[in-house]
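Chemist: Protein chains in written order, with the numbering used here: chain X, 1 to 301; chain V, 1 to 308.
Do not rely on the hints blindly, as some may be mistaken.
[To be verified] The following label-pair restraints were derived from C-beta to C-beta distances:
#1 X:Q26 - V:E106: 42 to 48 Å
#2 V:E188 - X:E5: 29 to 35 Å
#3 X:G115 - V:T277: 47 to 53 Å
#4 X:R47 - V:S196: 50 to 56 Å
#5 V:R207 - X:A37: 52 to 58 Å
#6 X:E244 - V:S46: 50 to 56 Å
What the hints contain is simulated information worked out from the structure, not anything from laboratory work.
Think of the CB as a built atom: it goes at the ideal place given N, C-alpha and C, for glycine as much as any other residue.
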Amino acid sequence: MANGEIVLGCLAPHPPHVVYAENPEQNEPFSEGGWEALRWGYNMLARKLKDIDYDCIVVLTPHWQTYIGNHFLGLERFKNISVDPIFPNLFRFHHDIKVDVELSEAMQRSAEEAGIVSMMMRNPDFRVDYGTIVSCHMINPDWDKPLVTISSNRSTHYYSDEVMNEQASALGKAVSKAIEESGKKVVLVASHSLSHRHFVTEAPLPEDMSREHIYNHSQYVWDMKVIEMMREGKMKEVIGILPEMIEQTMAEAEGGGLTWMMAAMGMPDYPAEIYGYQSVIGTGNVIAAWDPNSSTRAIVL
Amino acid sequence: MSESPDIRLGLYVPPHPHPLLAPEQNEGWGRLRDAFETCRQRIEESGVDLILIYSTTWPSIIGHQIQAHPNPVFTHVDDDFHFLGSMEYEFKMDSEFANCFRDFSEERGLHARTVAYDGFPIDTGSVVALKLLNPDNRIPACIVSSNVYSNRAEQIVLGKAARDAMSKLGRKVAVVVVASLSNRMFTEHIEPSEDSIHSAKDDEWNRKILEFFEDGRLEDISQLSRDIHGQIRVSKVVAYKPAWWMAAAMGQHNNYDGEVLAYEALHGAGGAVIQLTPAEGGIGDKEFDEDDVEFYRGDRSVLDQGMI
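Isolated chain X (complex conformation) (with noise of 0.2 Å):
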């Protein structure tokens, strides 16, 4: 049997703007557009999964905090209306996700036998995270791939921001394993932004791009350095530098996210496909690509 592989890296952010703007029938409210950047990012990205020949999408999630380690969702289908608590106003969407039952129980027990605290989720009422929806119809609208969930854990909250870069490589690395033993080709997401410094108040037309801008020139100064990185090919440095940049511009990869991802990859040395970089709220979001195939490598932006 051949082995599983990881066939790309994703870091795809979760606005629910960026739905909200596409209007997608799942989706209740209605746009004027907004926030093209990103989604034109979204929609070349999806292209390019659409070349690419996988069997399930993985994603970790900062949208579904666990304290208790690390949870996997550990039911076949999951039916819902996800409604965001933070903008109802823009996201109130109807899914119907698939979970590759056997990934996850895999991958769990893998981290399991890795030391990791660990869990999986079968209570059939539970609701799939904003997060994990909003990052997986973007990069594939048609929906006609399982995916696995993955919680995320608060290390950072309860221990530092470097707990956290060592627990979530451990986790990366066991996830890893297990999906080299599954023989399947998987699509990895880290499903969160860069910096992650919100305004508190929300324009009353929430698509109106005249008011769209980063929080602050800090907070862009580093999600720039961070994706010139990203371009050279370092993410061993990126997640090395990644607790100063948590701690400066409450980077959403304190969820763990693009560490468990890169530890899941190796490490990258090749450059990462850039696909877009816009505000939302003012937070920054970057949509990256990790390919390890070289022949389909590309230079995007």
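Please arrange chain V on chain X, whose structure you already have, making use of the hints.
Modeler: The following block gives chain V in isolation, referenced to the frame of chain X:
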């Protein structure tokens, strides 16, 4: 507006689902459940016509959100404790109060909005409190969020806006704060029988806070919020806010009869059910040293002020 709203009692209750879903699995969780039941009876006897909840497990970013759906219905599952079961709910909300609360919040300089959407995710703490304190929905309720970026001034002004709305509408109110004391949980699975407060330090601080509550020293606890945050709160948010809001909403003084009905561990966190009843006289002012605030003027531009 009236200076003295009709607040019949205040409650401080924990957000964890264990007393609702698994009281039989641990004696302490059972005692918390019994304390909730005592509070339910006292709310019933007090004649209140509004239960106003401030929940620390409902975070907001765009200002302060206030639940205004007249009849929210859903089935909630906790992110961590999903294995304990599901929480079906159908609540009755006081939409008129929610709108009035928003209006007074805006008058006092806050950014606030009501939410009224089918399927909106009401948080674990609010669901637990309402299902245990008001199981038959006889009394309309209202829930307000806890903004993740807000600090003392904003919380105090938000509490006063709630007070404005109570007075304007003449509601007889039970004020309920949903929050832990120490909030550090164990980060591993534990058997229910093994539950205990996470550390001796957390336990010691919790017991000191409970002494203050028993003495009715609500404003003193409010004044000590920053110390409490530094000592026994995991830094998920910028500050320990519930005492600021509770004191501002109920009255910024120490004239209360306090009663601790239960104090137990909830997966390591400190969970207490506490009742405060407004009283004549009290222990006096002990810890007051922070300024009061009536109107929120936003974040002060400290860097700009320093420019020549």
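Chemist: Against the earlier hints, flag every one the structure doesn't satisfy and list their numbers going up.
Modeler: 1
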